[in-house]
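Participant: As a plain string of letters, each chain reads:
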Amino acid sequence: MAIPTPLNILLVDDSAAIRKILQRVLRQAELPLGEIYEAGDGLEALQALKANHIHLVLSDIHMPNMDGLQFLAGMKADPRWRSIPVVMVTTEGNQSRVMEAVDLGAAGYVRKPFTADQIKERVLSLF
Amino acid sequence: MPAPSSQTVVQIIQAAAHEVFTTMLGMEVTCERPPSEAAAFLAPAEGVVSLVGLTGRWAGTGCVSCSGPLACRVTSRMLMTPVTAVGEEVLDVMAEVTNMIIGNVKAGLEEALGPMGLSTPTVVYGRNFSTRNVRDGQLSISRFRLDGEPLEVKICLAPGLQANPPARHGPCQPEVSQR
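These protein sequences, in sequence, are chains A and B. For the first sequence, our numbering assigns the number 53 to the initial residue and increments by one for each residue that follows. For the second sequence, our numbering assigns the number 11 to the initial residue and increments by one for each residue that follows.
These are computed hints drawn from the structure, not numbers from a lab. Computed from a predicted model, the values in this text were never measured in an experiment. Be careful, since some hints might not be right.
[To be verified] Sample of chain A residues lacking proximity to chain B, with all beta carbon distances greater than 12 Å (derived):
id: 1; residue: E82
id: 2; residue: L85
id: 3; residue: Y89
id: 4; residue: K102
id: 5; residue: N104
id: 6; residue: D130
id: 7; residue: R132
id: 8; residue: S148
id: 9; residue: D155
id: 10; residue: G157
id: 11; residue: R174
id: 12; residue: L178
[Stated by the list, open to error] Pairwise CB distance ranges, derived in the manner of DEER restraints:
id: 13; chain 1: A; residue 1: F179; chain 2: B; residue 2: C41; range: 39 to 45 Å
id: 14; chain 1: A; residue 1: H105; chain 2: B; residue 2: G136; range: 40 to 46 Å
id: 15; chain 1: B; residue 1: N138; chain 2: A; residue 2: M151; range: 45 to 51 Å
id: 16; chain 1: B; residue 1: G158; chain 2: A; residue 2: Q80; range: 25 to 31 Å
id: 17; chain 1: A; residue 1: M53; chain 2: B; residue 2: T40; range: 44 to 50 Å
By construction, the Cβ of each residue, glycine as well, lies at the ideal position given by its N, Cα and C atoms.
Pulled out of the complex, with its shape left as it was, chain A reads as follows (with noise of 0.2 Å):
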């Protein structure tokens, strides 16, 4: 798959350094960067696929309201968004949490801490 040119990208994390870093991180990567789009929790991720037209999702897990794995398997669910690939960046290192991430259709997983390498690597091996 070419990589979509610009590329727009949703960041799923409740930690708003996180998100800043994770913006930094692409930024460097030479990447054909379009926008990027934060969301705080997996409520707010699903809102941002709905008004935005997105390409590629990070997202955590554990965070408030609704976490990774339920935003997850909400977004698959939906056929508008079964398709955009999701990479999980998340402290869980629990094999079973990580097989159910994939399981729901996580296309990659990324524990922190993270290189910037790791991001970049994990990105560009989805296009």
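Keeping the supplied structure of chain A fixed, place chain B upon it in accordance with the hints.
Facilitator: Here is chain B on its own, set in the frame of chain A:
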């Protein structure tokens, strides 16, 4: 199911803290001799204390604490923006640092203790307050020196009250009191 020894937990904490600070911040942490358990409970805190709850067959609290100025420097480093006062950004960064350190410790502990849940962090900033766990448990303390200042990571674990698998966002049990 016995918990890993306090010494083993300290080693897991040290590895997790080292990974978080070198990978995310490019900062070196050095390990220091921790205070005695009694001193750790009696010393009034000053600065930033960030707490997360752990649930599962063993349950308890993970805690990261440091001075306000060190928390500001950690935040500056992480966001690559100068930060000189403790505010929303600093509390957010310290919450995330705690989440990453204790989350990695949790992954290490799960090998021995089975699946555990991690709550979202609670961060406190102030002076003359103390924190303590309501329940008695095994306390593991790691003290580090980061950018010339102390930073402490504590894990308190006790056999969980529940037999069921942990919730994703379990209850946080620490108590914070003003002195």
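Participant: Each of the hints needs a verdict: does it hold here or not?
Facilitator: Here is what the structure says about each hint:
1. E82: holds (18 Å)
2. L85: Given a closest Cβ separation of 18 Å, the condition holds.
3. Y89: Non-interface label stands for Y89(A): nearest chain B Cβ at 19 Å, farther than 12 Å.
4. K102: At roughly 25 Å from the nearest Cβ of chain B, K102(A) sits farther out than 12 Å, so the non-interface label holds.
5. N104: holds (24 Å)
6. D130: holds (22 Å)
7. R132: holds (26 Å)
8. S148: violated (7 Å)
9. D155: Label holds. Min Cβ-Cβ 16 Å, cutoff 12 Å.
10. G157: holds (18 Å)
11. R174: holds (15 Å)
12. L178: holds (22 Å)
13. F179(A) with C41(B): 39 to 45 Å: holds (42 Å)
14. H105(A) with G136(B): 40 to 46 Å: 45 Å Cβ-Cβ, so the 40 to 46 Å window holds.
15. N138(B) with M151(A): 45 to 51 Å: Once the Cβ atoms are compared, 46 Å apart, the range 45 to 51 Å for M151(A) and N138(B) holds.
16. G158(B) with Q80(A): 25 to 31 Å: holds (29 Å)
17. M53(A) with T40(B): 44 to 50 Å: For M53(A) and T40(B) the Cβ distance comes to about 46 Å; the hint holds.
The structure does not agree with numbered hint 8 stated previously, though it agrees with all others.
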